[in-house]
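Peer 1: Each protein sequence line maps, in turn, to chains A and B.
For the first sequence, our numbering begins at 256 and goes up steadily by one.
For the second sequence, our numbering begins at 2 and goes up steadily by one.
If you are wondering where the hints come from, they were derived from the structure by calculation, not from laboratory data.
Heads up, some of the hints might be wrong.
[Stated by the list, open to error] Quick list of the computed label-pair ranges, beta carbon to beta carbon:
| no. | chain 1 | residue 1 | chain 2 | residue 2 | range |
| --- | --- | --- | --- | --- | --- |
| 1 | A | R340 | B | K148 | 45 to 51 angstroms |
| 2 | A | Q343 | B | K166 | 34 to 40 angstroms |
| 3 | A | E297 | B | K166 | 16 to 22 angstroms |
| 4 | A | T331 | B | S127 | 36 to 42 angstroms |
| 5 | A | Q335 | B | G118 | 55 to 61 angstroms |
| 6 | B | P36 | A | E342 | 50 to 56 angstroms |
| 7 | A | L282 | B | K148 | 32 to 38 angstroms |
| 8 | A | K310 | B | D132 | 19 to 25 angstroms |
| 9 | B | P137 | A | R340 | 26 to 32 angstroms |
| 10 | B | A150 | A | T331 | 51 to 57 angstroms |
| 11 | B | D89 | A | R340 | 37 to 43 angstroms |
| 12 | A | R340 | B | F88 | 36 to 42 angstroms |
| 13 | A | E287 | B | N94 | 16 to 22 angstroms |
| 14 | A | Q343 | B | S49 | 52 to 58 angstroms |
All residues carry an ideal CB built from backbone N, CA and C; glycine is no exception.
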Amino acid sequence: MVLRINRKLDLVRALLSGDGLQELLGLLSPLELLEAYRFVQEKTIEFGVRVRGKKFAQEEMLAELRALGEAHAARTCPDQNRQCRLEQCLEGHPQCLREAAVTQILAMASVCRSFLHPQETS
Amino acid sequence: MHRTLDEGAIQRTAEIIVLGPGGAGNREFLQAFCPDLRQGCGDLLLGSLTVHRELVLYCYSIGFGQEFAWDLVGGKILGYIAHFDWFDGASYNACRDLVNDTSSDFTAPFVVAADLGLQPPPVVESAIKLDIALSPSARFLFFQKHKPASVRRVVITLLDLLLEKLE
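Could you build all of it, start to finish, from the sequences and the hints given here?
Peer 2: See below:
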């Protein structure tokens with residue numbers, strides 16, 4: 256496990272407060288960022304299911320993440336297959352991985368904000 | 002850890018460490034579940050809860066900045082609770098760093114609890130009740146230190162983690 260508990264606490268605090276996530280992501284290595292992506296995805300789904308129940312559109316969020324990945328790949332993918340696969344780019348294209356992962360983590364944080372702080376987003 | 006009682010029965014003891022900003026806040030936290038409280042040196046508070054004559058839960062409450070013999074005590078501790086003021090960045094940073102250092106050195110379960118005090122909740126009401134897994138042996142949750150039932154929920158979360166470890 257690369258992502259230490261202090262980083263996980265920072266991520267949870269940023270998701271719950273709706274503040275400081277972008278700065279935090281900038282401090283993470285590509286490998287930590289990959290783990291942060293999985294952690295934030297897990298927490299977003301967990302929060303969404305607990306707070307919104309069946310109204311939480313999990314599939315919609317995952318589809319949005321895929322669309323963001325595809326748009327990123329279409330624009331900048333250095334590989335010929337033009338598909339955004341975060342794990343596969345850890346060694347070869349860490350900067351591209353960073354950009355794609357940060358975009359998608361921020362999108363998940365925005366989903367969290369929509370149900371954790373509904374008065375701010377309505 | 003145990004000692005022999007006069008009648009030959011064995012008294013088992015369990016020890017947990019409560020890490021907090023220190024001072025009156027730590028005392029308030031321990032008072033919620035330890036009927037017997039004693040002041041140790043510096044910011045150290047010792048609390049105990051006698052479950053019955055053969056089982057006693059001991060709690061050490063330590064301030065974030067306080068020197069402590071982690072190498073002597075850390076290895077035998079059953080679990081840790083770290084609490085901080087959600088609205089105080091310095092309190093959060095001190096808590097986070099101590100949790101990180103301690104959890105690297107010891108394997109006992111951790112509960113990190115954010116005190117909301119009397120402030121309006123920072124998220125919708127249903128999210129306040131979330132019990133958030135940070136790892137298989139660490140949880141994060143909100144609580145209110147001035148409400149004994151809320152403090153006890155933090156302690157119960159730690160006990161739940163210990164039971165999960167046994168499964």
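Peer 1: Hint by hint, which ones does this structure get wrong, listed from lowest number up?
Peer 2: Violated hints: none at all, because every hint is consistent with the structure.
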